[in-house]
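**Student:** Residue-level listing of the chains:
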Amino acid sequence: MLAQLGQGAVPVSDLARPTGLALPTVMRHLSVLEDAALIKTEKTGRTRMCSARPETLAATADWLADQRAQWEARTDRLQAYVATLIKDTKA
Amino acid sequence: MSYDPETDLILTRDLNAPRELLYACWTTPEHLVHWFVPKPHKVTACHLDVRPGGACNTTFDVDGTEIENNGVYLEVVPNEKLVFTDTYTEGWKPSPEPFMTAILTFEDLGDGRTRYTAVARHRNKEAAQTHKDMGFHDGWGTVADQLEAYAQGLK
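Just so you know, the protein sequences line up as chains E and Y, in that order.
Our numbering applies: residue 1 is where the first sequence begins, and numbers increase by one.
Our numbering applies: residue 1001 is where the second sequence begins, and numbers increase by one.
These are computed hints drawn from the structure, not numbers from a lab.
All residues carry an ideal CB built from backbone N, CA and C; glycine is no exception.
Hints are not guaranteed to be accurate.
To be verified - Cβ-Cβ distance ranges computed for the label pairs, FRET-style: (1) Gln-4(E) / His-1047(Y): 39 to 49 Å; (2) Thr-84(E) / Asp-1063(Y): 24 to 34 Å; (3) Leu-64(E) / Lys-1093(Y): 38 to 48 Å; (4) Glu-1097(Y) / Met-49(E): 37 to 47 Å.
Stated by the list, open to error - Only pairs whose alpha carbons sit at most 16 Å apart, straight line, appear in this in silico EDC-like list of lysine to aspartate or glutamate: (5) Lys-1125(Y) / Asp-62(E); (6) Lys-1125(Y) / Glu-42(E); (7) Lys-1042(Y) / Asp-1061(Y).
Work out the full structure: start from the sequences and follow the hints.
**Tutor:** Okay, here's the thing in structure tokens:
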């Protein structure tokens, strides 16, 4: 489905057809992808259009950047936590 | 030591805390559970046997799923350096899916400040993918922001 979205925005029904899956099943798959910020959907009239979010896909592909983000975030938390420890000692 | 830009990352930050305290945060379960994983995830178990070959095991609750992160310490220099890996678990048992070695150094800058350096050396991209599939990379960044905001509120 992500490969098909690479071509541009597609109605959800068009995405569902080649899979042979029931529409509610496809909707459930799409909602997982949407929660993961890999795609976005929006309603245009009676059709729900689905499109890729290449920025997230790019970030996902760069696994080392992802690891770095985890280490940076972990260091942020360590820094914040240690600040509370120091504050408690002084208090 | 030479680093591979494809698989290694180096993070250096000067922190406003003495290195003894930062080292304690890394080596004491009572401290580690407070900052190791982003909220709302939780550290549900933590066993740290801080000596070379000693267990360095943590279990996380990520959205109701328990994820075990087991490894051993390779090098321990109190207040100065910690090296650990998931390549082995306790008793030097080789891991089926080794992912990384972490090298932490705590350099005293005086005035209660520390130059904190974390080096993470990874096996390869494929191992990284497996690690990611454990599903615990989501939301690390946003959560750091939330926590920072929380810490600001405490001041």
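**Student:** All the hints need checking, so say for each whether the structure fits it.
**Tutor:** Hints, one by one, checked against the model:
no.	hint	in the structure
1	Gln-4(E) / His-1047(Y): 39 to 49 Å	47 Å, holds
2	Thr-84(E) / Asp-1063(Y): 24 to 34 Å	26 Å, holds
3	Leu-64(E) / Lys-1093(Y): 38 to 48 Å	28 Å, violated
4	Glu-1097(Y) / Met-49(E): 37 to 47 Å	39 Å, holds
5	Lys-1125(Y) / Asp-62(E)	9 Å, holds
6	Lys-1125(Y) / Glu-42(E)	34 Å, violated
7	Lys-1042(Y) / Asp-1061(Y)	5 Å, holds
Hints 3 and 6 from the earlier list are contradicted by this structure; the remaining hints agree with it.
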